[in-house]
Amino acid sequence: MNASHFEPPAITAFTATSALGRGLEAHARALREERSGLRRQAFEDCTLDTWIGAVDGLEIPLPPQWSDWDCRNHRLAELGLNQDGFVAAVERARARYGAQRVGVFIGTSTSGVRETERAYRELREDRLPDWFQHRTMQNTYAVADYVRRRLALCGPSAAISTACSSSAKVFAAAARALGAGLCDAAVVGGVDSLCLTTLYGFHALQLVARDVCRPADAERSGLSLGEAAAFLLLEREAGDARWRLEGYGESSDAHHMSAPDPEGRGAIAAMRAALARARIAPQEVDYINLHGTGTPANDLAEDRALCALFGRDVPCSSTKGWTGHTLGAAGALEAVLSLLALREGFLPRSLNTRRKDPRIEGAILMSTRHAPLRRVLSNSFGFGGSNCSLLLGVRA
Amino acid sequence: MNGMTLSVAAAGIAAPGLPDWATACAVLRGAAPHVAAELPPSFSQLLPPNERRRAPPAVRLAFRAAEDALARWPLPAERLAAVFASSDADTGIIHRICQTLAHPAPQLSPTDFHNSVHNAAAGYWSIATAARGPSNTICAYDASFAAGLLEAALLAGGENLDTLLVVYDVPPPAPLYEKRPIALAASVALVLSARALPQALGRLRIARVARAQPSRMDDAALETLRLANPALRALPLLRLLARGAAGRATFEDAGDGALCVDVLP
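Chains as they are written, first to last, in our numbering: chain A, 1 to 396; chain B, 1 to 265.
Rather than coming from a laboratory, the hints here were simulated on the basis of the structure.
Among the hints, erroneous ones may be present.
As the list claims (entries may be wrong) - Among the chain A residues that face chain B by a calculated CB cut under 7 Å, a handful are:
| # | residue |
| --- | --- |
| 1 | A158 |
| 2 | G179 |
| 3 | T197 |
| 4 | A238 |
Think of the CB as a built atom: it goes at the ideal place given N, C-alpha and C, for glycine as much as any other residue.
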């Protein structure tokens, strides 16, 4: 791996919208107040009894000129874009570099499949309704294309869809494009919205928690689903920018489609690669934001991996007790939460965790801590054994 | 792209009338006519027997082109990084899931659910080959080949990883077909390397430019194929590689620009 030439891109803008609310301050407040966004509530007509992290306000349609694109996922994307001056930050980059020099890399797992689900209920004589548009709603690229058009960008663009690691891997793809000089800036992010496919699907795999998700808990029983839109602006010229993507690492488990390698070898490889790219030793990481879905298998495998690489002392926690598992948006959302931790000098506790699993040996934070942070590692591990770790840092 | 030059070490294909690279070479050189014919059945050498049954059609199609390419790649498959690119992955599964969800108290098949992820092919590939390196799954609708090629080039050139690119799409079943009429199944695979390889099919230089006309195929049947499946947008590049010819192939990309691929003399 060619780690020696990695120039850390600057992160010059970031924002998130999730069950915790709209924008950075809502998220910072929820973290400080230890207030989860998860609720025991039904999603539309889903009859499953589960806790979910839903975003309010998605019943408002997109403006008429975007009617072909009007779906829950794009309404969520639109809401997410309109926070924290993100659109204005992208406009400045577009003005500075040119529209064709700003790329777009968006992660999603289900894209607009909610509309496909609805369309199938309106089948008439074996035809789907006219309002249902495949390219601009269902297709996996649709949300990346929506963001690209909405921001009037024509740099290299793609959707990345690797299940739960999607919007962590967008950072790697963007970093490669920036490093090769294909673009000077890139919008990276993740958008995934609640839908019956994932609610019933994870339920069929028996991966959904009986109550709220409790990462690392002795009695944890699975995940809670959430939805989110998170966006970040990366720029090649770091200058004196405060935040940086200092490293990334990617690997594959080569083990199973829906269960992690219990030894965590793929997770170790991804984390090690991120550290190597950043040219730092494990003890230089101040906090690890875990993938930490709350499933019995993931949390144990991830712990094995992190203890093998870091020992037992690095403070770590999953923030999915706050937001739920936002699938294709998780990588970007949790990168934003990691940046908030860096900004605030704040190590979030493992929320909803009552009693740590005695088999878990890592330093799971059972209460929130305050300390200046220099580097945070964020993990995202997805179905198909796709692993990605991101190292985020503040300029010394 | 900073003058990055790459070798194409191997190519693979599975498409009507182009069931493998050897046949495709003859057709693309003009040495044999293109005979439109259904893909003959084939059996993966890499998927373990129980996975051969469970793997969805789109995954098996991706494996066909990948295994075809690997027949000419001397190093272990497990050392390859991978980029899988597809516009719609397995729409048969999405169809089944949405049909099920249209009824009250739906019982989703857990296998269908984990097979419905866009990166199912990449997941099966890494399991079948024990490949633990980076693997990405890209989607850019009709421009998925161009987007996949770019990402594979960046992995090979930027991170010095020999990289397998697999591009594939299958015809959606009705009623989705009307909304996304991909008429036939096809997959294409390339193995890219930053090293200058003596047996390479060709050396490429790739650049991204503002909007440009995409390359077309002169033969009407091949031009129809090129537009019938997002994976077959690759045909103009495959033609140059089959002929061992220098030249340029241009591809529409998803960012409103174009990818220029120069096969070097």
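Right, here's what the structure says about each hint:
| no. | hint | result |
| --- | --- | --- |
| 1 | A158 | holds, 4 Å |
| 2 | G179 | holds, 6 Å |
| 3 | T197 | holds, 6 Å |
| 4 | A238 | violated, 18 Å |
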